[in-house]
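2 protein chains.
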Amino acid sequence: MATSTTKTGQPLDRTSLDTLLRRRLFFTASFEIYGGERGLFDYGPPGCALQANVVDLWRKHFVLEEDMLEVDCTMLTPEAVLKTSGHVDKFADWMCKDPKSGEIFRADHLVEQVLEARLKADKEARGQTVPIDEEKEAKKKKKIKDAKAEKLDDAVIQEYEETLAKIDNYGGDELGELIQKFNIRGPTTGAELDPPKAFNLMFQTQIGPSAHKPNGYLRPETAQGQFLNFQKLLEFNQQSMPFASASIGKSFRNEISPRSGLLRVREFLMAEIEHFVDPEGGKKHARFDEVKDTELSLLNRKTQLAGSTKADVLTIGEAVSTGLVDNETLGYFLARIQDFLLKLGVDKSKLRFRQHMANEMAHYAADCWDAELFTTYGWIECVGCADRSAYDLTVHKDKTGAPLVVREMRAEPLVIEEFQVNWNRKKLGPKFRQDAKAVEAAVEALSQDLREKLSWELEQSGKIEIPTPGVGSGTTELGKDLIQIEKRKRTEHVREYTPNVIEPSFGIGRILYSLMEHVYWTREGDESRGVLSFPPTVAPTKVLLVPLSGNAEFKPFLRNLTTRLRRLGISNKVDDSSASIGKRYARNDELGTPFGITVDFQTVKDKTITLRDRDSTKQVRASEDEIVAAIKALVDGEETWEQVAKRLPAFEGQDID
Amino acid sequence: MATSTTKTGQPLDRTSLDTLLRRRLFFTASFEIYGGERGLFDYGPPGCALQANVVDLWRKHFVLEEDMLEVDCTMLTPEAVLKTSGHVDKFADWMCKDPKSGEIFRADHLVEQVLEARLKADKEARGQTVPIDEEKEAKKKKKIKDAKAEKLDDAVIQEYEETLAKIDNYGGDELGELIQKFNIRGPTTGAELDPPKAFNLMFQTQIGPSAHKPNGYLRPETAQGQFLNFQKLLEFNQQSMPFASASIGKSFRNEISPRSGLLRVREFLMAEIEHFVDPEGGKKHARFDEVKDTELSLLNRKTQLAGSTKADVLTIGEAVSTGLVDNETLGYFLARIQDFLLKLGVDKSKLRFRQHMANEMAHYAADCWDAELFTTYGWIECVGCADRSAYDLTVHKDKTGAPLVVREMRAEPLVIEEFQVNWNRKKLGPKFRQDAKAVEAAVEALSQDLREKLSWELEQSGKIEIPTPGVGSGTTELGKDLIQIEKRKRTEHVREYTPNVIEPSFGIGRILYSLMEHVYWTREGDESRGVLSFPPTVAPTKVLLVPLSGNAEFKPFLRNLTTRLRRLGISNKVDDSSASIGKRYARNDELGTPFGITVDFQTVKDKTITLRDRDSTKQVRASEDEIVAAIKALVDGEETWEQVAKRLPAFEGQDID
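Protein sequences appear in the order of chains A and B.
Under the numbering used here, residues 1 to 657 are what the first sequence spells out, in order.
Under the numbering used here, residues 1 to 657 are what the second sequence spells out, in order.
Same shape as in the complex, but just chain A:
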């Protein structure tokens, strides 16, 4: 795998970035003064503002642009709902316990780490250089000792590599076998490990004072609330299809062993869309034409099966027309997801869409693509986009009897020819008594094909035999006096169907972290001077205001500017600390603030101010009005810095990079 690089192409030193992000309080370990709690992080002011801006952009890009019905459903969820959805039984990872130390490992991660350590040791034994990759640190933290430099047989190497390629697809028994086969033992004790056990990833709790055992969970995703409200949302949408609901909120997963910083956490912000669509007619999308020429980097299933990770660049129009992407609606959202990520500042060369393998997808899914972002942790799934067919609405409908369906008048009534059953109920009741209903039900359940055959038999022999489990001998004879089966026409005016669901699902925290890697770089010649080049729209703060010094004459200018900018909805901060202007700008480069204004003695004289661009460190000088207007245009995306720099006079008075 290629090494991750900064925005300017240098190798990305994750430790430096991590230090910067913590020092500038983008995030911090939660409860740190109590020793911290693994997998839980707090966002400080810049992280929190960044998150709010990303959520705001998401809402504009998806919810407002497409008139989606946003809902806010509870995180606390009763057990029955998640039993139906399958989460109670299946939302689990495999954990392995070291019986000696009591340590618990996630089984697939343990196998992965041990095999990778052995392969690395083999390379060392063969005298090959081993790139110092990030996994090394992780391994150390997980106490996986570096295996002794030891050569492996070629066959073993191949087996290890094949195992690693499929590591996400093993069940508990298989992982147990691998652990036996490869003699993987407790990393600290060397003890034989207990066999893998399923560990459900949902946090359990008790709702109400009278529960004697856990009766609810924290939701593992925001989707269920949207499915359960389908009927009301359809009604709200005046029965009009297709439509989408959307939800932004926290979800929870009780990870066995959280690692990879912000990428695998126990509490995280999600934004999910459930787009409900008629399964008939190929799931077309009315606005597909608007995106059909968008080029995407697509890593399809076939390529992956062949052991390659080479993505193809195709327009989404081609991808849908060749059937690579299952349908227009799914394709439409893939293109829109890419648009969104690029608006945020994601590096296009570090974005790909990976199709799920058949065994990765739920059995009911029609197709599924993940938007993956490349980081120092490798390719990270940040957005999933699945066609979940009618699964979710169907299971909840079947369980509760609620009509989670669409009923629509047919333009043309549908005439159906079918074999219908007529009963002579006057005779049926007295003859079968308490079994009469069961006999009726058994016949009503028969398919049209069988009915046709039985109709013919009844005509021929005057009687038929039908299987009736639980009634009499299990077979019941019915004569012409009791039953008639005839072909008749029926006219259906209303069509009833369960919509299919296309689900784009965004892990906001993962997107934030990957974005921070994508926009990070260091000033040439000074690797300690980090810069986060967020686009103005998502930058936590848009403008830094720095007075040349603490001189009282500057204060009214600052107050006036800050009020003006705030009124335009442009977030800004004053830094009137005693540090040099250069230092103050460096601090704000780290915070990703795109623009800086300096107020100096010239300002007091002629009311001009300077405007500094974070990325180029170039400055222009003009009147307050002109500078404020330029900032507004820059933040709204109506002008670029290059354009502003061309039309306003350059300023090179102070050296402040």
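Warning: the hint list may mix true and false statements.
Given that identical chains are not distinguished, each listed pair holds provided it fits within a single copy or across any two copies.
Unchecked claim - Capping the alpha-carbon separation at 20 Å, the derived lysine to aspartate or glutamate pairs in EDC-like fashion look like this:
1) LYS60 to ASP636
2) LYS250 to ASP56
3) LYS480 to ASP576
4) LYS250 to GLU221
Don't read these hints as lab results, they were simulated from the structure.
Chain A is already provided as a structure; the job is to place chain B on it using the hints.
Here is chain B on its own, set in the frame of chain A:
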């Protein structure tokens, strides 16, 4: 208590409003198709948009306006943190079990309901009319049978009324005594109830796979995360005081028996500010002058003690200068809270600030005022504003040793004269051995007054006796050879202090619900036509676009308008259903959409459109440009409808109210 009224002064029929809010999907019971779960509600599209707008306004009004440091901390919280904060031991309500039916009641609510039912029955027996109040329904739901019309002795009535007045202040034993004394029994069974037991209101859960018992909780408030990060926030703020942190997020309370719809729920959105201030110097606020003339309706402690609920209208300047409100910072926030609530559309005549009684406040609190909104449920606490002194930072500092303090250089070094202890450690060690440290600590812990006295004794008699629990006989004799106590001068350059915290804490859901009651009214002559008069800033959708009919000629105009408005950040919806224009506007009156645009055949001819005002149902007609500009001015609060109606030509072509 007065009856609650609509915006236009009619008695407010809560059932009608509730039906409207559910029909228009402002909210709905969560998991309704699974039978629902008490105390959990989902917000549908209009409720969700309203909530987002209120949060957005909160962020602008407080966080941006005052440069607060917003953080986003996790809801999952380890037990240790909440043990220190006091929640594990004290965050509980009293519950009562009916041993026959297993039903569980919240003890204070049960006493309240039974006594109220008896008082009502007494009034009926006396032939007095009883207002049909809302509690009646609640009682029915809670299966509190209406007591038989039965007269009570005057002394009993007085006792009941006194008990009700103090119902919030009883502990478990007292509630148990009241239940005995008033012979309150299981409402459905008539059985004697079990004594009240404390029920902790936090949801418990297990974090991680290795916990053998619950080791964490869902936070009951967002404050703790802010306190724990104090040190980092102070650093982020470049050590500058005062400053405030802020947080918006869900909190959880496992209510024993949720009632009152959206007002008492198990999962709710909070917005909290922690303003950290130097306790010295009277907690002044730099911007207090800006608000000092703001008039507030203040219900003080003394008035309440006298059994009255008459609030005084005072400026916050007066209230602080007379000491009624403890300090400027607290007063500043009370005024800012009122500003915020009025911006949202809260009815000023239904807003009061109630001071906490001494026994309502935590022992450490200096002062506390609740902003209460009047609704059909009575006066509802929607915002709390407490001066929590240094309590929170102190307990966490003491528990963890983390320096949750401010250190600042003194302008003038502080010279302190004090009695200092000198030890002759060469002799002390050998003499007391393992007890030496305990002896030292016992002396170091002595106050200055005691040291002065001991210094004198030592001078007089050459020895002193000090209490040393756990060492020898519990008293230790120390001679001049071991210890000296002398008055000396010490110069302190750095001042270290624990900041006090002023905490304005907003229950967003309660504000939303109360607001919906405050802006609700019905059209005269047609009580079935509800209107929600949200101010444009917070209205879920700003503009409804209605084509006169489904005619294809209207479509391009609608498309163009919707794009233009969206680009201006003005949310809008097209209603092209086949219902009459009047019906479509009625639907949107219920959704609280302040403005409506009609596109008709005149539009196709001359490109003019009509603009309708929700509250007056008056219309104007002008060019698209003029109407769009007017809407922008209205939504930004730069113009009122009256102003717009004056300058643009009235339109009375269609009757569409």
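Original post:
Against the structure shown, which of the earlier numbered hints fail to hold, in ascending order?
Top reply: Violated hint: only 3; rest satisfied.
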